[in-house]
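2 protein chains.
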Amino acid sequence: MFIDELEFDDRGLIPAVVCDHETNEVLMVAYMNEEAVRQTVETGRATFYSRSRQKMWVKGETSGHTQDVKWIRLDCDGDTLMLGVEQTGGACHLGYRSCFFRELRDGQWHMIAEKVFDPDAVY
Amino acid sequence: MFIDELEFDDRGLIPAVVCDHETNEVLMVAYMNEEAVRQTVETGRATFYSRSRQKMWVKGETSGHTQDVKWIRLDCDGDTLMLGVEQTGGACHLGYRSCFFRELRDGQWHMIAEKVFDPDAVY
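Going line by line, the protein sequences match chains A and B.
Sequential numbering from 1 applies to the first sequence in the numbering used here.
Sequential numbering from 1 applies to the second sequence in the numbering used here.
Isolated chain A, as found in the complex (with noise of 0.2 angstroms):
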């Protein structure tokens, strides 16, 4: 079975690395249980697993940005994962399409991105 290939740490969590499918922008990084990667291959749609929350969650179940999985690929010692996956509105919760909008110059942090969505509209 393709699940037994995963290396999950000692939370039983692998980590995921979101990027969309075409052009390889990286989105987000999340991390899984078992069942989210099973739940994630089944339904086509990217689950995670909420460490703060303790809770497996279906991205955009709340704000209706969900993520369509196109591939799932896996590293060399199986111990992190990839989804390619086609981003309905923003991946972020702060309402930019990445997660990564600061660049570090000089020194310091630097916003490189607009906001995509309204965060205190869809959350």
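Just the calculated beta-carbon pair ranges, DEER-fashion:
#1 B:114 / A:123: 38 to 46 angstroms
#2 A:35 / B:42: 39 to 47 angstroms
#3 A:119 / B:89: 39 to 47 angstroms
Calculated cross-link-like contacts (lysine to aspartate or glutamate; reagent style EDC-like; alpha-carbon spacing at most 20 angstroms):
#4 A:70 / B:25
#5 A:70 / B:103
#6 B:70 / A:106
#7 B:115 / B:86
#8 B:70 / A:103
#9 A:70 / A:35
#10 A:115 / A:103
#11 A:55 / A:10
#12 A:55 / B:77
#13 B:115 / A:77
#14 A:55 / A:35
#15 B:55 / A:77
#16 A:70 / B:106
#17 B:70 / A:25
#18 A:55 / A:42
#19 A:115 / B:77
Hints listed in this document are in silico derivations from the structure and should not be mistaken for laboratory results.
Note that the coordinates shown come from a computational prediction; the quantities given were computed from them, not determined experimentally.
Here a beta-carbon is modelled for each residue, glycine too, at the ideal position from N, C-alpha and C.
Given chain A, work out where chain B should sit, using these hints.
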């Protein structure tokens, strides 16, 4: 200080997604401690912390397959870094450009890449 924005985990580590600085192709995911972050910023060479060997390592110090860091980004929660790099050779110790050389198809992992170097020759 930029380092104060980083949320290191209970092991003192933060994951870093390493991608090609131009194409966004994800090459690998590795972990950094605070010293590895500082050294990466100061030297411009990607430097990580090995969880298995419990020590810092400069990517490519053995293989010559170094990563020149062109930009560093931080996600919304401050708990994941991204490095945009110029990769010499391949990032994967098994000889592939990217560690993500397997893709899930019909319930099995399939190879989707060719080796770009012979690992026996460089390690």
